[in-house]
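Going down the list, the sequences are from chains A and B. For the first sequence, the residue numbers in the numbering used here are 3 to 410. For the second sequence, the residue numbers in the numbering used here are 1285 to 1541.
Worth flagging that the hints you see were computed from the coordinates, not collected in a lab. A portion of the hints provided could be inaccurate.
[Said to hold, decoys possible] A partial selection of chain A residues facing chain B, derived with a Cβ cut-off under 10 Å:
no.	residue
1	112
2	171
3	345
[As the list claims (entries may be wrong)] On the chain B side, residues computed to face chain A include the following (Cβ under 10 Å):
no.	residue
4	1346
5	1350
6	1353
7	1357
8	1367
9	1370
10	1371
11	1398
12	1402
13	1414
14	1429
15	1432
16	1436
17	1507
18	1508
19	1509
The structure presented is a predicted model; accordingly, all values stated were derived computationally and were not measured. Built from N, CA and C at the ideal position, the CB exists for glycine as well.
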Amino acid sequence: MKILRMAWRNLWRNGRRTLVTVGAMTLALWAMVLYTSLMQGMLGSMESTLLDVELGDFQIHADGYRERPSIWERIEDPDAVLEALDKTGLRSTARLLGGALVASGEASTGALLKGLRPDRDAQVSDVYQRLDRGEWLDPADASGVVLGYRLARTLGIDVGDELIALSQATDGSMANDLFRVRGVLQSLSEETDRATVFLVEDQFRSFFALEDGAHQVIVRSGEGQTLDAAGEMAQEAIAASAPEAEVKSWRDLLPGLANMFDSAQAAVQVVAFVVYVVIAIMILNAMLMAVFERIREFGVLKAIGVSPRRVLALILTEGALQAALAIAIGLVASLPTLWFVTTRGIDVGQLGGTAIMGVSMDRIWTGAVSPATIAGPVFILLFIVGLAILFPAFKAARISPIEAIHHQ
Amino acid sequence: MLSRVNRLSVGTGTALAVASLLSAAAAAQPADPPLDVLMRATDDAMRGDSSESRITMRIKTERWQRELRLHVVSEGTETALVRIEAPAKERGTATLKVEQNIWNYLPKVDRTIKVPGSMMQAAWMGSHFTNDDLVHESRYSEDFECAYRERPADGSGHWLVRCIPLPDAPVVWGAIDARFRAQDMLLDQAEYFDERDRLVRTIRYEDFGPLGGRTLPRRMRVIPADDADEFTEIVYEEHAFNVDLPPGTFSLRSLRQ
């Protein structure tokens, strides 16, 4: 108790030095919290765009579809596959895919039509929540379609406008129909933005004269389940209904992107490490100064019979008090910043839509907050302060009074 | 598609003149027929100021087969209008080609679509012709460097001519092997190779006979190299050269009729 009171008094005997030290720690903590939040937010939003909206955890295709996509390479009985997956508890949805020429006025381009059942699909993919404007598909509005924002721009159309699609039906005849734009999506990925049109399953079937089958089944892993375990489960479940089909995890489907996510995590850690080293040096410097300036004072304490252990305890307590102050101020200062980056976010839309390996970042870069966002930086700060203070503290504790008095 | 027919078919008075010229030359000394004359005659065989024809197109693929009745009018080699007359489901569907542009008219939705550059390699109406076949007006005598490859020993059989596109010619092929019947020097087969000299498709010209006042192949069959069971066959039911076409025949408005 006496030590605590002494330490507190010591801190304010040179208030300016203390404020500088506490200020450095506060700033470091604030920067670390912000950095962690933004990085978590970016990786989280990219991963959720990729998995929750685009890929799912697994995709099932008819054998050979991925090598050579064709309207003919279908999973014969998708309903049986979905039913089998339902029994395992894995969420799944079937999609139909077919290429077409889409046009409006003089503008036209190639696009991939994706047919789905909105109610079922919504359990698996969040794409229905990612509309920039307009509305998502509705089975009651059969001719309504939703398309990527760059495709809409290429064709010069917007919600309410008509869209012509032209392709070849499975009976060899010319498939052509008139659709109406119901909604335009946000930037999701290169492929979706530029060349994807979503429509309801029945409309897809009548357009392509395709009565049965599906080209793709998207599956999500269960809660807390590893990718491998879920994959085996799905493979087993569909063994009876679609023995020929191949089950691929998103990591198999997009190995480049999977690697990128892994290395992005590593990169975040490397940058964090560098930031922490800089902060550590800063704090170490402040601590060293704080101790070595007062070597004579510690010599006097030793001379009047204070034990080395108590000197050590005094210095550590001073450090702890400063750290506690810094954490208190730092966290209070972080709150408005965190509130800002999570609710408002940083508008990176002016950069022209940032995509990393085909996966779009949200136009608004928002931070994420979890216990780790705050706990991580706090523990690291304590660790650094502890490390930075131990060396000078030991040195001061063990110094002999004679030496200290002659210390310059 | 029609222009490709034009371009590749052979026959006509010019060709007959060539043939007689050739036989005269052959009598004098066994020299190769002059290639430039032959290729120009081949290029011009189906050419007229204008033409009008009714064509049956049969398409057979691995999964389906169907038959279309087409009405085709053309002017020069730059302009053509193809309209489907049967089956009923697709009746009225039409393609207009003017220079390098293609428009499709779709009666079901009553809209016209301009085919974009990215879709030029896509199949035209499900056939083994691509949209690109419609617009590329290459001529053997102008866009290719041709040379004899094989010659008949005794005046029967076939002449084989290999044509390599000139460096700046608007041609997607690496080479074309054209085969001529020795008896009348009419083109009866053309093999198309890609840039790595792999066969991409073969076009056979058959059923030679009078057509629009010339001697021409009345049947033409495209066989893709990667699937020998598939083909697109064109049969000329009627054909007339130098017909009077009303002004505005090749307009977006007439496309919609």
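Index of numbered hints that the structure contradicts, given in increasing order: 3, 6, 7, 8, 9, 13, 14, 15, 16, 17, 18, 19
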